[in-house]
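Protein chains in written order, with my numbering: chain E, 79 to 456; chain F, 2 to 305; chain Y, 18 to 300.
Because the hints were derived from the structure by calculation, they are not lab data.
Just so we're clear, the structure is a prediction, and the values are computed from it rather than from any experiment.
Be aware that a few hints might be false.
Label pairs and their in silico Cβ distance ranges [unchecked claim]:
hint	chain 1	residue 1	chain 2	residue 2	range
1	F	Val205	E	Thr384	47 to 53 angstroms
2	F	Ser38	Y	Leu34	56 to 62 angstroms
3	F	Lys160	Y	Pro86	52 to 58 angstroms
4	F	Val205	Y	Pro86	53 to 59 angstroms
Just so you have them, the derived chain F footprint on chain Y, three or more residues with Cβ under 8 angstroms [claimed, not checked]:
hint	segment
5	88 to 96
6	112 to 120
7	143 to 157
Not everything, but these chain Y residues come out facing chain E in the computed CB check (under 8 angstroms) [claimed, not checked]:
hint	residue
8	Val103
9	Ser188
10	Ala194
11	Ser195
12	Gly197
13	Gly199
14	Thr202
15	Lys206
16	Ile207
Just so you know, even glycine gets a beta-carbon here, dropped at the ideal spot from N, CA and C.
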Amino acid sequence: MATVAAGAAQVEPGGAPGQPLLQVRNVTQCYGDKVVLRNVDLDVCAGEYVTVLGPSGSGKSVLLRLIAGFEDPTEGEIDIGGRNMVGVPAHLRNVGLVFQNFALFPHLKVGDNIAYGLRNRAYNRLSAGAADRKVDEMLELVGLEGLKDRRVNQISGGQRQRVALARTLATDPQIVLLDEPLGALDANLRASMKVELRKLQTRLGATFVHVTGNEEEALAMADRIIVLERGQIAQFDAPEKVFARPKTAHVAFALSRFNLVGGRVEGGAFVGDGFSFPMPPGESAAAGPATYCVGYDRVDVEEIGTPLPEGYSSIVCKHVSHEYSGATVTYLFDLPDGQHFEAQYHLHHRKAKRLEGGTDYLLWWPANKAFVYLEVME
Amino acid sequence: MSKRGMVETRAGSEKARRRRSSLIGRMARYWQLVPGSAWMILFLITPLLMMIYVSFWTQTSYDIKPVLTLDNWQAFFTQSVYYSALWNTIRVWLIVLTATFVIAVPVAIYIGLFVRSNTVQTVLLVLAIIPFWTSFLVRIVAWKPMLGQHGALNILLMKAHLVTEPLSFLLYTEVGMIIGMIQIYLVFVVGPVTFMLSRIDPSVIEAARDLGAGTGRIFKDILLPLSRPGLVTGAIFVSVLVLGEFATPASLSGRKVNLLGNVIVTQVGSLKWAFASVAGVVLTVVIALVIVGLLRITDLRKEV
Amino acid sequence: MYKSPFLKGVLTAYYALFLLFLYGPFIVMGILSFQPSNGGPQFPLRGFSVYWYQQLLGLIGTSRAAPLPVGPGLVRSLILAFMVMVTATVLGTITAQAFRHRFKHLGVLFYLVMLGFIVPGVLVGLGVALVCNQLEITKHWWLTGYIVHVIYTFPFSFLVMLAIFNRFDRSVEEASASLGAGAATTFRKITFPLVFPGILTSLLIAFTLSYDEFPRTMFAGGPQATLPLTIYGQFGIEIHPNLFAFGVLSTLFSFALLAVFAILIAISVRRRARGRGIQEEIR
Chain E
79 MATVAAGAAQ VEPGGAPGQP LLQVRNVTQC YGDKVVLRNV DLDVCAGEYV
129 TVLGPSGSGK SVLLRLIAGF EDPTEGEIDI GGRNMVGVPA HLRNVGLVFQ
179 NFALFPHLKV GDNIAYGLRN RAYNRLSAGA ADRKVDEMLE LVGLEGLKDR
229 RVNQISGGQR QRVALARTLA TDPQIVLLDE PLGALDANLR ASMKVELRKL
279 QTRLGATFVH VTGNEEEALA MADRIIVLER GQIAQFDAPE KVFARPKTAH
329 VAFALSRFNL VGGRVEGGAF VGDGFSFPMP PGESAAAGPA TYCVGYDRVD
379 VEEIGTPLPE GYSSIVCKHV SHEYSGATVT YLFDLPDGQH FEAQYHLHHR
429 KAKRLEGGTD YLLWWPANKA FVYLEVME
Chain F
2 MSKRGMVETR AGSEKARRRR SSLIGRMARY WQLVPGSAWM ILFLITPLLM
52 MIYVSFWTQT SYDIKPVLTL DNWQAFFTQS VYYSALWNTI RVWLIVLTAT
102 FVIAVPVAIY IGLFVRSNTV QTVLLVLAII PFWTSFLVRI VAWKPMLGQH
152 GALNILLMKA HLVTEPLSFL LYTEVGMIIG MIQIYLVFVV GPVTFMLSRI
202 DPSVIEAARD LGAGTGRIFK DILLPLSRPG LVTGAIFVSV LVLGEFATPA
252 SLSGRKVNLL GNVIVTQVGS LKWAFASVAG VVLTVVIALV IVGLLRITDL
302 RKEV
Chain Y
18 MYKSPFLKGV LTAYYALFLL FLYGPFIVMG ILSFQPSNGG PQFPLRGFSV
68 YWYQQLLGLI GTSRAAPLPV GPGLVRSLIL AFMVMVTATV LGTITAQAFR
118 HRFKHLGVLF YLVMLGFIVP GVLVGLGVAL VCNQLEITKH WWLTGYIVHV
168 IYTFPFSFLV MLAIFNRFDR SVEEASASLG AGAATTFRKI TFPLVFPGIL
218 TSLLIAFTLS YDEFPRTMFA GGPQATLPLT IYGQFGIEIH PNLFAFGVLS
268 TLFSFALLAV FAILIAISVR RRARGRGIQE EIR
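The shape of chain E in the complex, shown without the other chains (with noise of 0.2 angstroms):
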């Protein structure tokens, strides 16, 4: 038996079908001088599960934050199912937030805190019983029944993640915020925790939008990937095809796979201190300063001396260390001009290579694999 809390209405769900559920449009967020946001445009689709990579500083907490409601953009706007949330505050919205430290009620037990939402909220506040045994669903859906008169300090950092889950999946928000769901957690617990977010996202149809630092989590758990650069999305797209072109170099950099070299465009190939390749195809070729990319997979490394196939560019580097890590083993050089360079070898693919430290060798890979960003980073 629900009961509706006098003066309070939830935002109804509106908008046609077809529509995005959230809309974010041209959203500028400032605090005093300082800019976070900057023309912030996305569109997410109902049971999608989009992630959004930035390193600290580029405001993806603050985007969370203003998709949830705790505060307004400075200018833009917002919508969710069609209707305009400027103004809506927090708690109308039914937009949940997963917390990165968690949040969990500390006096309350694992079963009072997955129930406060629907116990507490300004509209359709469910009875004792009726919240009950939403609880007792909510634990088997996250598989921890059993916690139930369990207090939050007794329990492990990987049953906190999921109490907070399913605290904020029982009041069956619209949209799913998650921010840097798996930061707190340690490596092996992280691991299945991103199956089982997938899993559980997929069961529930639900539209999660889960921010992250970690490109590896990003790339792997999204149908949609944000990249945000110091408060600017850089790219939008399915994660193969922003690994397959990223946009910008700032994206290349936070993927985190690709080899990026500083130098200039001139006379139509791409030069630097001590080495110069021909442009790949299809690139422009207007001079100035640019960045050559490619990535860490691409690259072969043979003795100096070896003939270059057809197609393919090369360099001659230091070799400087490797690192193996189980199934790939990444070699890792000194250009002539300081700048680093990586070839990563996956062992199922290709056989090791004995390297000697401090000695050149020939680096090479397909030129149409590789671009050209006419910028450079800082």
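We have chain E already, so just place chains F and Y on it with the hints.
Showing chains F and Y alone in chain E's frame:
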């Protein structure tokens, strides 16, 4: 859906945003400031302003008239009975302040720095602080049987053969009053200073030692700055309380010592309101100068 | 230096002397409160009896010393302290909440509130008495007395709550909002329970300060005396050991209050900290 279709709906939301962060919204947020400030302005600031105003009124035998004059002020600064009260107040304040600090700081250092166990630290601190929870007047009264000619102190001194005759200068004198004040106000210094010292991470001091700092250096560069908020807090407490005193002088000095507080009380007793107000304003100025001076040493607001 | 046993020994002895100085008068007062009926308010102690306690509590018919008229004053002080502790805590909590936003010029408000205890009792009392006289308001302990008591205790309550809120993680309040709870519900169900130890502390401090307050009440409290004023009134008159008996009982009362407070805090802290966090498990 075209972007153009969206633009029309934006006009409405712009108004919504302005409304929320406008008058009603902002007023709703500001309401929390109102009760506290209203109470203080109405009931504290206004009476103080009244006091300043009345100090310029004309004083008749038992009444005051709102005719402005400087007579009261002149009387205050020309009659030695009154301006000596000002001097006494400042003098007693300095003595008590210095004495409480000299006595209390070693205690604070002992508890805060030398005692390792947290439990023992708490116990010792609580023991030193508990007298705060006893009645102020009871504490005054309790000194009488200590300091008198037949008092406990004299009995002990005579028994220990340190004196042959009971000391008579202990009670109903300025000395007795000062001793009483010191004991009463020690609590206010021990508390804050011990608290600040106990918060200093001992590894900081050890690190300084490792780097070769001597005791003096450690004192000057580590202990003093880190405990400063506690020192200033204690100083403010003691100063405010001592400067406004009248009960302890009245009881323990045998009415020999007159502080500004006593002047106010006696003047009010004879309904000389205007004159009392003059003393009040003088006291206010003294306290204001002391507080401002102490706050220049640390801005306490940052410490909370 | 801090490992020096000599210095530590010296300071320990110093601390003992310090405690002696601090508690000396109480001890003396306590001893003398057991004077028999023929004893006076100073040494020598002529015996050992609870006569003066009985006299204080009105259990003795007639006595050469006038009974201490503490009854009505005690009642007034208790009621007043209760009213004051509630008001001061409410005001202190609301004002401390205001400081959680980033308004401009909050410094002015901070010092305005601090004035409440910085301005000595004589001045506050004098000012209020002047205003009452001019506006022809009659002074009562439960009106004007109450007001000045709140002025005195509100800053302390405010400081306690400010310190609590400064260490308060507001993400739980935001979590409550994101789950649909409005501002009032959030305060009632989340904020208040979590700041309760601070509220308790504020109540205790305000009660203690008001119960013992005397200079402000002297000027602004009206003709009916509170307990401290009754006692002060006795100073000018002859002092008898019943005053010491009163002092001992009053001190015991204060300690009992402290003990109650400590127990309440311990209960509320233990209720939240039951059990210990367990090690990270890999699930």
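Hints the structure violates: just list their numbers, smallest first. 1, 2, 3, 5, 8
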